[in-house]
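Going down the list, the sequences are from chains V and A. If you read the first sequence in the working numbering, its first letter stands for residue 1, the second for the next number, and so on. If you read the second sequence in the working numbering, its first letter stands for residue 241, the second for the next number, and so on.
Treat the hints as calculated values from the structure; they're not laboratory data. For every residue, glycine included, the Cβ atom is placed at its ideal position computed from N, Cα and C. Incorrect hints may appear among the rest.
A partial selection of chain V residues facing chain A, derived with a Cβ cut-off under 10 angstroms [what the hints assert, rightly or not]:
hint	residue
1	S6
2	V7
3	A9
4	A28
5	F84
6	L92
7	A103
8	E125
9	M151
10	V153
11	V157
12	L161
13	I198
14	M207
15	A229
Partner residues are not named here, just some residues of chain A that face chain V (Cβ under 7 angstroms, in silico) [as the list claims (entries may be wrong)]:
hint	residue
16	V260
17	L272
18	R274
19	I298
20	P301
21	A310
22	I311
23	L314
24	V316
25	T328
26	V329
Listed here are the chains, written in short residue letters.
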Amino acid sequence: MQIEDSVKAARGREFMEGARDTLPILVAAAPFGIVFGAAAVAAGYSLYETVLTSAAMFAGASQFVFIEVNAQAVPAWMVVLAVFAINFRHILYSASIGRRIAAMSFLQKAAAFFLLTDIQFAGAEARAARDPHGRISAAYYFGMGIPIYVMWVATAVLGALFGKLIKHPEQWGLDFILPIYFLAVLMGFRTRERFVLIVLASGIVSMLAYKTLGTPWHISLGAFAGIGAASFTARGRTVA
Amino acid sequence: MLESGSHGDITALIIVMALVTYLTRIGGHLVLSRFKKLDPRIEAGLEAVPVAVMTPLIVPPALTNGPAEAIAILFVCVASMRLGAIPTVALGVAVLVAGRNLF
């Protein structure tokens with residue numbers, strides 16, 4: 001019993017650690033949840049549809065794309081394709097995170113992948129980087145993911161109800177907070193092997209794709225360029 | 241504005257989008273877990289994922305929006321070497337808003 005209790009206490013501590021480490025991200029992401037709720041209602045969706053979108057998709061950027069693309073009277077499959085293209089990067093997150101959460105049960109994994117957002121990925125990778133085996137515990141992972149999910153659904157409700165108060169998000173810099181936030185996270189990786197090479201490859205290709213093919217393909221193509229550059233230069237290393 | 245009577249379709253569309261999103265979140269793991277031992281090149285590629293994916297979310301927005309956005313991004317780049325995430329983001333947004341009022 002005592003061992004069980006101490007295991008439970010350790011789990012509780014890890015959960016709280018995850019929640020605490022997530023707090024700055026919660027504060028940074030909450031405005032987007034509110035803006036989404038407000039934008040969806042403004043575009044004619046009901047409160048139920050707005051909240052269902054945030055609760056079932058739980059994918060910020062693609063939810064905005066859904067509203068924008070669906071407003072243009074295109075066939076539904078095009079809306080789904082745009083959502084897929086925006087979310088394609090999750091396949092890459094998933095491949096990496098799968099190794100971090102290998103010790104979780106089947107159901108825990110199923111839930112963990114549902115919660116795999118950009119910010120969840122960044123936080124989980126940062127935590128795994130500090131672990132000698134590159135793993136992350138279920139308690140810590142859900143300590144991050146559950147508060148983020150609750151925040152996202154709650155802010156959709158708030159935004160839908162009170163969204164008319166934020167008439168000009170650009171006055172508060174809210175429309176550009178995401179690149180700023182991602183850069184702050186990105187710089188945390190600057191001591192990693194091949195950091196400059198990956199940033200250059202990914203940055204240049206994403207810029208070219210942005211100018212030619214346009215959004216959202218610059219995300220996937222830029223990402224593949226950075227991954228390819230890292231993978232290619234690793235070739236000469238001897239296998240242990 | 242939406243056409244009236246399309247709300248059942250909208251619910252179906254939301255569900256399909258949610259399923260597609262979940263598929264991308266579990267797909268990489270399902271495909272990758274078939275390989276027992278990872279090639280060092282695949283390993284290096286996977287290690288590169290976070291940096292490679294976040295860079296495209298930063299570079300085009302930084303270069304195509306205007307001087308205020310570019311300056312804010314440069315500021316965040318330098319500030320993040322000295323400060324934690326919250327002060328970096330908060331100051332970055334402050335620099336952005338100040339820049340937008342100047343230019």
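Checklist entry - Out of the numbered hints, which ones does the structure contradict? => result Hint check: 1, 2, 3, 7, 9, 10, 11, 12, 18, 21, 22, 23 fail, others pass.
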